[in-house]
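Spelled out, the chains give:
Protein chains: 2
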Amino acid sequence: MSIQLTILGCHSATPRANAFPTSQYLEINNSHFLIDCGEGTQRQMRKYKVGFSKINHIFISHLHGDHFYGLVGLLSTYGILNREKELHIYGPKGIKEVTLLQLKTSQSHAKYQLIFHELTSKESELIFEDDKVSVRTIPLKHRVYTNGYLFKEKEKPRKLNMLNISGYPEIDKADYLNIKAGKDIVLSTGKVVSNAELTLPPKKALSFAFCSDTCYKPDIVPIIKDTDLLYHEATFLAEREDLAKKTKHSTTIEAAKIAKAANVKQLIIGHYSGRYKDISIFKKEAEEIFENTNLAEPGKIFNV
Amino acid sequence: MSIQLTILGCHSATPRANAFPTSQYLEINNSHFLIDCGEGTQRQMRKYKVGFSKINHIFISHLHGDHFYGLVGLLSTYGILNREKELHIYGPKGIKEVTLLQLKTSQSHAKYQLIFHELTSKESELIFEDDKVSVRTIPLKHRVYTNGYLFKEKEKPRKLNMLNISGYPEIDKADYLNIKAGKDIVLSTGKVVSNAELTLPPKKALSFAFCSDTCYKPDIVPIIKDTDLLYHEATFLAEREDLAKKTKHSTTIEAAKIAKAANVKQLIIGHYSGRYKDISIFKKEAEEIFENTNLAEPGKIFNV
Chain A
256 MSIQLTILGC HSATPRANAF PTSQYLEINN SHFLIDCGEG TQRQMRKYKV GFSKINHIFI
316 SHLHGDHFYG LVGLLSTYGI LNREKELHIY GPKGIKEVTL LQLKTSQSHA KYQLIFHELT
376 SKESELIFED DKVSVRTIPL KHRVYTNGYL FKEKEKPRKL NMLNISGYPE IDKADYLNIK
436 AGKDIVLSTG KVVSNAELTL PPKKALSFAF CSDTCYKPDI VPIIKDTDLL YHEATFLAER
496 EDLAKKTKHS TTIEAAKIAK AANVKQLIIG HYSGRYKDIS IFKKEAEEIF ENTNLAEPGK
556 IFNV
Chain B
256 MSIQLTILGC HSATPRANAF PTSQYLEINN SHFLIDCGEG TQRQMRKYKV GFSKINHIFI
316 SHLHGDHFYG LVGLLSTYGI LNREKELHIY GPKGIKEVTL LQLKTSQSHA KYQLIFHELT
376 SKESELIFED DKVSVRTIPL KHRVYTNGYL FKEKEKPRKL NMLNISGYPE IDKADYLNIK
436 AGKDIVLSTG KVVSNAELTL PPKKALSFAF CSDTCYKPDI VPIIKDTDLL YHEATFLAER
496 EDLAKKTKHS TTIEAAKIAK AANVKQLIIG HYSGRYKDIS IFKKEAEEIF ENTNLAEPGK
556 IFNV
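Residue numbers (the numbering used here), protein chains in the order written: chain A, 256 to 559; chain B, 256 to 559.
Worth flagging that the hints you see were computed from the coordinates, not collected in a lab. From a predicted model like this one, the values you see are computed outputs, not experimental measurements. Heads up, the beta-carbon is just placed ideally off N, CA and C, and yes, glycines get one too. Don't take every hint at face value.
Now the stretches of chain A that chain B is said to cover, found in silico as 3 or more residues with beta-carbon under 8 Å [claimed, not checked]:
1. 268–280
2. 297–303
3. 322–332
4. 475–487
Here are the computed lysine-lysine pairs in the DSBU-like style, where the Cα-Cα straight-line distance is at most 35 Å [stated by the list, open to error]:
5. B:Lys532 x A:Lys555
6. A:Lys366 x B:Lys500
7. A:Lys503 x B:Lys366
8. B:Lys500 x B:Lys512
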């Protein structure tokens, strides 16, 4: 069970020489997801050696350009790379029409099937699940319909405690399936050996929450409670709370308050406004409220 | 009269860490044009310090993604920058619908007016003209409808030859307008002083031709005859003439043959296929046919 998050872009609004709009590549429990896809994302993926073919699911938070203008280029590149595996896109209603028109206009032909999952619900919903990971939406509040995403590893079954099992010669391999299934074992003497004694707890299932873009919205706290890694946007320093309110973004302090209230293990902030040259102050401000805060930067990798 | 061409991107197909799709910024006779706009163009404009506000006309050659996927991001950024001046887009039919849908979907609001000039003609046509520059299409042949563009400085009027004029005390300032208008002057003696004697030729009007993407198409030669600077795509080395034919691109040799037949002063080649790591061979091959050949590279500036 492990999480590796690669920041591909973490600045707001417009690409600049060394500032790239939002995109993150998430490896969780050996599954691979792309989250948001601002202009230039595929170039950043090449730069930071992200394997294109590993990604089968792309999650778009909202339809502002700095979060999805890079999508069509990536999809077109998948066509050029002769991708055959189907690709799932999750995002707000409207993403399908515009993406398909772009691909059609540019005569981008592909062998692979593109499957859109358009979102409209304002409640948190389960949108993806397999045997390794589940993904829920985190309804955010921005100038347009926006969702964050909560990625959770699936809890693995308890493991056989071979040391304890070897203390009961009567228990043999034929019983292992029952033990793994959580059952107690009744010995020939009638003694019940509890499943807890015969098994070890699995590694902790980890989780990652992506929250961007959003104003301060404390009602997401129950959804992201105890998350191991939280990315929460912090477009402005605290002094520009007025502008954060007006543009429906968050400040450093607001992001840190969410992290603290949700009791997450680690906070990453990003989506810095272009007005700031020195982003180190973002970290200092957030740390006052939530100590384990880190700054998103292009190419930076976070491991849990 | 001068030309300065900045290469923003010059690789084909897909953006990579150090490869950017086609885009060029042209300053000609103090006018400023953007030609093609692959993904990441606005980032390259920032990197190479191209003034966003100077551009009022954008020319798109064709609707393959590597030539226009960066357009919507740039237009959206103009909105964020509070642009008010109208902006003209020239490109194949279809560009308006897809661009407007993208801007609408991303709720990109702008104060400025966006004016589309959709092209459908297969003949060379004059599409822009003011007192400084004219722009004609160069019909190319690619897998989709494609135009190159020929940018020509307007010939300036002849200048007063003050040294010669001072030899005729009878000629005074009141005559200058007539002289500038090309008229001869009749002295009181009846002697005719020819306009050629009273004026100097203006600086030579320069021209730049942009030809991408296209297969080998010698019938463009009359249109670009004697051009000072020619950019012609050379996607493949000569050995892959088969692939050039199949994909309707050109080889180094074919680009150089066009330059030679058109008697241009200087050739720039680019749009290199991603299969080539070392592009220096492109120059060597083309130089065998046309000596004054240069390679397009990101950030490279060509002055005439």
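The hints, checked one at a time:
A stretch counts as covered by a chain when three or more of its residues have a beta carbon under 8 Å from one of that chain; for the region 268–280 of chain A and chain B the count is 6, and the coverage holds. Counting residues of the region 297–303 of chain A whose C-beta lies closer than 8 Å to any C-beta of chain B gives 4; at least three are required, and the coverage claim holds. With a cut-off of 8 Å between beta carbons, the region 322–332 of chain A has 7 residues touching chain B; three or more are needed, and the interface restraint holds. Residues of the region 475–487 of chain A lying with their CB closer than 8 Å to a CB of chain B number 0, which falls below the three-residue condition for coverage.
Our distance criterion of 35 Å between C-alpha atoms is met by Lys532 (chain B) and Lys555 (chain A), whose separation comes to about 27 Å. At roughly 23 Å between alpha-carbon atoms, Lys366 (chain A) and Lys500 (chain B) fall within 35 Å of each other, so this suggested pair holds. At roughly 21 Å between alpha-carbon atoms, Lys503 (chain A) and Lys366 (chain B) fall within 35 Å of each other, so this suggested pair holds. Restraint check: the Cα-Cα separation between Lys500 (chain B) and Lys512 (chain B) comes to about 16 Å, which is no more than 35 Å; the hinted pair holds.
In the structure shown, a violation is registered for the earlier hint numbered 4 alone.
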